[in-house]
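Chains as they are written, first to last, in numbering that gives the first Met the number 0: chain A, 0 to 111; chain B, 0 to 605; chain C, 0 to 474; chain D, 0 to 87; chain E, 0 to 244.
Hints are supplied without guarantee of correctness; some may be wrong.
Anything over 10 Å on all C-beta distances counts as not near chain E; from chain D, calculated [stated by the list, open to error]:
{"no.": "1", "residue": "Val5"}
{"no.": "2", "residue": "Ala20"}
{"no.": "3", "residue": "Val43"}
{"no.": "4", "residue": "Thr56"}
{"no.": "5", "residue": "Val71"}
Some chain B residues near chain C, calculated using beta-carbon distances under 10 Å [to be verified]:
{"no.": "6", "residue": "Phe251"}
{"no.": "7", "residue": "Leu423"}
{"no.": "8", "residue": "Gln425"}
{"no.": "9", "residue": "Arg587"}
If you're looking for bench data, these hints aren't it; they were derived computationally from the structure.
Quick reminder that beta carbons are idealized off the backbone N, C-alpha and C, glycines included.
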Amino acid sequence: MIQFAGIALILIGIYGLMTTKHMIKLIIALNVMELGANIFIISIGFVAHGLAPIYTADLPNQAFSFVDPLPQAMVLTAIVIGFGVSALGLVVAQNIYKKHGTYDLSEIGGEE
Amino acid sequence: MMTMIILFMIASILFAYVLSLKEPKWGAYATLIVSLAGLVGVSLLRGSVGETVSFYYLHFTVTTIGWYFSMILLTVYFTATFFHPFWMDQLIYPAAYNALFLLSLAGTVGLFFAQDLMTLFICWETAVWSSMLIVQQGKSRQAAWVYFVMSAIGSMATLFAILLTIFMSGTTMITDAFIYFMGSPALGGLVFGAFILSGLTKMGIFPFHVWLPLAHGSAPHTFSPVLSGGLVKMGAYIAYLSVAVFPAYQVFGDQLMLQGVPLPIYALMLLGGVSIVYGTLRAIQQDDAKRLLAYSSVANGGYILIGILMLDQMAFAGGLMHVLNHAVASAAAFLAMAAVAKRTGTTKMSELGGMIHRMPVTYVVYLIAIISMAGIPPMGGFVSKWLIFQGLSHRGLIFLATAAAFGSIGSYLYVFRPLSAVFLGQLAPKYEKIKEADPLMLIGMLLLTAMSLLLGIVPNVVLRTIAQIQIELGIDPIMIKGTITATQNGSVNMLSVFTVFGFGFLLILILFLVLPKSRRVGLMDTYTSAEFIHTPELLHYGHHFYAPFERLYEKWPSVLPLYQRLSLKLKEMGEWAETFFFHAEPNRAVFWMVLLVILITVGGAR
Amino acid sequence: MMGSIIWLIALPLLAAFVSVVAQTYQYGLLVVTLLMNLLVLFAAPQGLTIIGGYEPPFGISLLFDQYALIALLLIQVLLLLIIVLARPLAKNYTPVILVMLAGLNGMLLTNDLFNLFVMIEIVSIAAFILSTANGKLTHTFHYLILATVSGVFFLLGTVLVYAYTGILVVQGLMMRLASLPVALSLIPMMLLIFGMAVELKLVPVSSWAKNIYGQANLLTGPIFAAVLAPAFGFVFGRMMNEVIVLHSLTGYTLLVMAISTFVLGELAAYRQTDLLKTLAFSSIGQSGLAVMMFTLGAPWAGILLLINNALAKSILYGVATGVTAAYGNASMGVLKGVFYHHRLLGVAFSLASLSLVGIPLFLGFFAKVSAVMAIFSTGLIWVPVIILLTAIVEGAYVMRWLLQLWSPAFEGYLASKKELPQKRNVFSAQQILVVGVLAVILFTMGLMPQRFVDALQKTQPAMAQYEMVGQGEQQ
Amino acid sequence: MSILLVLEWIVGIVLIIGAVACVVTENIWAAIVRLSLLSMLAVVAFALMRAPDVALTEAVIGSGLVTFVFVVAIKKMLPKENENEETR
Amino acid sequence: MKKLVSLFLILVLAFFLTTALDQGLDFWHSPSQLDAFRMSNAFVQNDVLGEGGALVFGESKNLESGSANIVTSIVVDYRSFDTLGEITVLFLSALGVGLLMGSGVRTTLRSGFILKTAAKMVAPLMLLTGIYIFTHGHLTPGGGFPGGSMMATAFLLHYFGSDTVKSNLKPLKWIESTAGALYILLGLAGLFVAGSFLQNFLPTGTLGHLVSAGIIPLVYVLVGLKVGSEVSGIVADFSKTEVVS
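Build out the structure end to end from the sequences listed, making use of the hints.
Put into structure tokens, the structure is as follows:
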């Protein structure tokens with residue numbers, strides 16, 4: 000189910016990107032999309048009855064398996080990159096707002 | 000020898016540039032000396048046919064036809080350089096002019112000696128862009144631009160043909176590569192059509208002629224003769240290559256034959272015929288002498304194309320000879336106009352008149368040139384047109400023969416117009432004080448005049464070379480014997496023709512001298528309805544020169560609007576693309592991306 | 000050790016981190032880093048450099064081969080010259096440029112798909128920040144949104160590649176992917192392609208480039224057109240060579256995208272009356288051409304096109320933005336005849352535009368020839384026809400600009416009657432020297448096409464395999 | 000096990016509903032708050048997927064810092080009526 | 000209209016994309032074991048160099064990576080280069096935010112009594128937690144990123160909570176710069192000592208001990224410091240207001 004949620008979040012994010020012209024909402028849609036991508040990536044490494052990939056003192060003695068740690072490592076990176084991009088996007092949007100007084104791209108029009 | 004010439008050309012370009020930076024006049028003299036040296040150098044190559052030289056990635060070989068063409072070009076360039084010292088102050092970038100002039104000279108000569116296809120194309124394009132940058136130093140940017148675009152249409156088609164040839168045949172040598180298409184007619188047709196296109200655009204054959212009047216009309220006056228007499232002849236060489244070296248008649252062997260000419264070649268010839276008629280008719284209409292001569296170049300390009308495409312004993316020889324005749328005649332005519340323009344500052348016929356009183360030598364130069372251009376007997380132009388006409392009527396190509404005849408008659412109309420409007424008639428008061436052209440200019444012009452005359456008297460000097468070209472190609476050579484030029488339909492002895500005309504001329508001259516002199520009347524020395532005329536231009540000789548014809552031109556179709564509409568269409572498409580795909584909105588781009596993603600996922604799901 | 004290729008990434012990063020606190024020496028650090036990078040480039044041996052001590056496919060490694068060498072050399076040299084050219088502007092963005100340099104080098108060197116994603120993101124973010132220097136933030140925002148969306152696509156593609164093959168190493172990944180059924184490999188390939196499409200300026204998503212390129216200044220114009228564009232082109236070439244398996248569906252979609260980018264870009268450029276906008280659309284079009292070459296499996300032609308375009312565009316943008324800044328406007332009327340005052344710049348500009356159009360005696364001609372020849376060997380004869388027809392349009396607008404910029408005379412009059420803008424100071428002697436150096440590089444490369452022609456001859460049999468498009472179908 | 004599965008379904012469905020609500024709403028503040036909640040839900044999802052590292056990071060960065068940055072960025076811009084109450 | 004079209008497209012895409020992905024990923028049946036072809040198997044087993052064996056917590060010694068948290072060993076050891084890139088991304092966006100927020104001064108966020116008090120009490124606690132998280136990154140979930148961010152939050156609480164203390168942001172820059180430079184120098188040390196960049200050149204100790212896993216804890220400390228300072232920088236920059244001119 001979580002995989003579907005991931006894909007759905009990506010698509011909902013894209014829907015937001017296609018429909019809104021409000022800069023903050025565009026960034027929010029972008030965040031939703033990234034969140035969906037992260038969830039989807041994690042779900043790729045999921046193993047039924049898998050354990051979190053950490054060796055601890057109380058691991059079961061019988062055969063067990065970890066979930067795939069590599070997608071988790073990737074998502075870790077992706078989250079941080081997403082934060083960086085969001086922050087940059089917000090600061091750009093904020094500066095546009097300072098200049099034009101609105102967050103709506105359609106009201107600003109082409110900045111020639 | 001070849002290597003020396005190449006190195007000399009490269010060094011001289013730099014030399015001329017640096018010299019012109021210092022003092023433009025010196026650079027102008029340098030171009031004169033360099034082109035003379037080039038002329039001498041290339042003329043010495045006559046004996047070394049077959050010699051090959053590789054310079055870097057360029058490969059050259061000496062061929063008879065190449066020698067013939069480059070001699071023509073060098074003559075034209077050389078005579079034009081006599082005018083250079085007097086025009087340097089009219090140019091914005093004289094140094095660039097001199098360097099580019101020599102660069103285009105090098106490009107054209109390289110083209111004629113090219114051994115492989117890449118060299119051919121490189122030299123071709125070098126000549127094109129360098130001459131384009133010269134044309135822009137004249138009166139019009141638009142003209143230079145149109146010149147480049149039309150040339151680009153041709154050169155891109157040729158590039159396509161060349162690359163396809165190299166790819167298919169695996170060799171770049173012109174002769175070896177083109178033989179490949181003997182075996183594949185379908186591809187051969189494509190290559191032939193694409194390859195000859197640059198020749199057509201360069202010669203100004205009918206739908207591609209738009210650049211000629213513009214570029215010739217507004218190029219610097221010293222460069223118009225080179226454009227018309229020289230660079231346009233590069234197109235003739237391409238036509239030669241695509242019919243004689245490219246086995247066109249064999250490739251189209253299984254096509255429908257019309258009087259022994261395959262349909263595609265016949266179609267091209269028809270285009271040539273259309274150019275003759277169209278160029279002639281438009282030339283009659285022009286007011287600017289240079290534009291008029293440009294349209295006459297369109298018509299003469301038609302003759303040359305038809306002649307070369309015939310690839311037979313007579314018309315082919317005529318076509319090749321007409322290259323020379325027209326080059327010499329049109330260069331002389333343009334130079335005469337340049338001389339007039341130098342003194343008066345205009346080439347508009349309606350503003351000139353009576354120049355014969357002030358510039359008699361220039362008048363003679365122009366007279367001889369137009370006689371040759373119109374193909375009136377004692378001059379060179381007659382011989383070549385006669386040969387072409389012979390060839391056409393021998394094959395029974397009635398339509399083309401009619402067109403050729405029409406062009407000849409029409410040319411009387413248009414060459415006479417500048418003659419009477421510029422040189423004859425009454426001298427405008429403001430030109431009372433002008434002088435004959437500078438002696439140095441006269442030398443250049445008279446050289447060409449002498450050549451025109453000589454070609455008329457003893458055409459066999461040239462026809463001997465042409466006969467050798469024909470022998471090398473394996474077709475029946477034109478028959479020459481002493482001063483007699485013979486074809487299957489008859490023969491002509493130009494020396495006797497000249498003698499007859501010479502006697503006639505002498506007779507008229509004696510009559511002219513003996514009979515009482517006519518009284519000179521000033522332009523304003525007249526009245527009508529007892530009123531003095533205050534608008535002299537209405538009484539001008541050149542004003543409404545062909546008034547009876549002018550109504551014919553009212554609804555004359557022009558090709559230029561078609562190209563303008565095409566350009567506009569391209570811009571509209573660009574605008575369309577901009578609104579749809581380059582719209583400054585993230586939503587739309589994301590929308591397109593989603594659409595493509597859907598396309599692929601749905602496509603992949605089937 | 001000292002000659003390890005890793006210095007190309009470590010050094011700029013180190014310099015970037017240091018430069019934040021050592022603000023007085025920032026610019027010097029940038030120059031020194033670039034010079035040292037050039038040294039490293041010549042000293043480093045070619046081959047695989049592993050990072051962290053783990054061999055591929057497990058660890059990340061750097062692949063330094065001839066292809067990477069060409070790309071890296073081009074980028075270091077151009078960036079060095081550009082920052083000298085745009086020194087006053089570059090000073091404000093030194094750390095960003097340093098990080099971007101590290102990202103570019105990493106992007107071109109890395110042998111790991113996910114690392115490539117990270118590097119692409121670094122370069123993209125650096126590009127966002129640089130593009131704010133234009134002062135038109137809505138366009139930056141537009142670019143940011145599109146690039147981030149495509150970044151997410153690339154990430155998803157990478158992860159799917161990992162899910163299906165279990166590895167991320169770039170070199171030879173194509174083999175693994177080609178052995179997958181089409182139904183599996185289609186989606187990741189599509190995502191990877193769309194992940195690069197925004198940076199490659201392919202048509203439906205190239206709208207950002209119009210304004211980012213079209214309102215560039217002396218720093219951003221050359222950097223975007225001459226450094227970022229070829230870098231992404233080279234990365235795409237690497238991907239096409241090593242990773243992306245083209246099925247007929249993705250292949251033809253990509254081909255159509257590339258062709259329409261080329262055609263529509265040039266058509267849009269044809270109608271522009273603003274010099275920078277013209278150059279912007281020309282960049283879009285040229286990028287489409289290079290992508291076309293890589294798609295059709297003719298990397299050599301693609302490389303030549305990228306090199307030519309990078310060198311030409313660095314000059315064109317350098318001069319155009321400089322002149323625009325000095326004369327206040329990039330419109331045709333304002334800039335008419337400016338080269339009358341600035342002849343050296345004019346000569347460099349002319350050289351670059353002649354080369355861009357692909358006129359003989361210049362590098363662009365050989366690039367175009369090799370492109371067309373390469374396409375012939377794929378059997379798609381109609382593609383060269385489109386390329387050459389579009390080349391006419393391209394030549395037309397470039398020449399129109401060239402004529403306009405050179406000639407101060409009134410239309411219809413001789414030179415004596417001039418219509419000239421007041422002379423303004425465009426470049427200092429040092430900047431003119433830089434433009435001159437770029438022009439000399441471009442010109443000398445055009446004089447030495449022998450090796451390129453040779454390579455062209457050599458690539459002919461190698462590219463004889465009929466269709467690169469649709470190769471995935473064979474399994 | 001089945002509890003986890005049920006939880007998974009619930010989290011998934013709520014995620015989708017929340018995302019739709021977040022994207023569709025016209026109110027920016029609501030959108031930001033919903034994005035934050037969505038992040039918290041994603042943390043749960045990550046935990047369910049046995050990714051504690053990611054969950055922790057997402058909790059701190061995704062739902063904490065991103066929201067904070069959003070709020071700070073917008074509050075500074077849209078506060079005209081809010082500020083009136085407090086400062087003036 | 001536009002929304003309807005978009006909705007339609009998204010629904011179509013949803014259907015076909017899920018179908019296409021389902022073919023490869025098999026959404027309804029998660030594998031009971033990691034696919035053998037995935038390279039993560041080697042990471043899990045610490046078996047990349049081919050010297051692995053059975054791993055026992057608290058006993059296995061001198062493993063190639065030696066971190067109990069495998070995600071950590073991937074992030075900081077096997078694929079440490081990605082992490083370098085990642086902190087560079089943060090560095091860049093901090094730079095960008097700083098550049099765009101250019102001429103501003105500290106904000107005057109209204110900090111009420113509650114915030115002030117909370118700041119005083121919670122901030123040190125959060126700081127400690129943050130430090131704990133990134134020093135134990137190789138043993139427990141977490142690591143440099145959440146740890147650093149938590150530290151940043153603590154710092155920011157302090158920053159916003161006090162209106163008397165004009166906090167100076169300069170030290171942040173120094174921390175950021177030094178941590179970043181040290182990370183690269185550590186990598187270069189790996190290059191000189193062990194032969195490749197970012198190589199784990201210290202002894203890796205026993206699985207599960209605090210002092211183990213070679214350079215991993217060191218790197219995570221550096222990452223934590225750098226991320227913390229960068230994030231604080233970003234947020235502090237955000238909360239600047241413009242100088243009224």
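Tested hints:
no. : hint   : verdict
1   : Val5   : holds (16 Å)
2   : Ala20  : holds (15 Å)
3   : Val43  : holds (15 Å)
4   : Thr56  : violated (5 Å)
5   : Val71  : violated (5 Å)
6   : Phe251 : violated (20 Å)
7   : Leu423 : violated (27 Å)
8   : Gln425 : violated (27 Å)
9   : Arg587 : holds (7 Å)
Of the numbered hints stated above, those contradicted by the structure are hints 4, 5, 6, 7 and 8, listed in ascending order.
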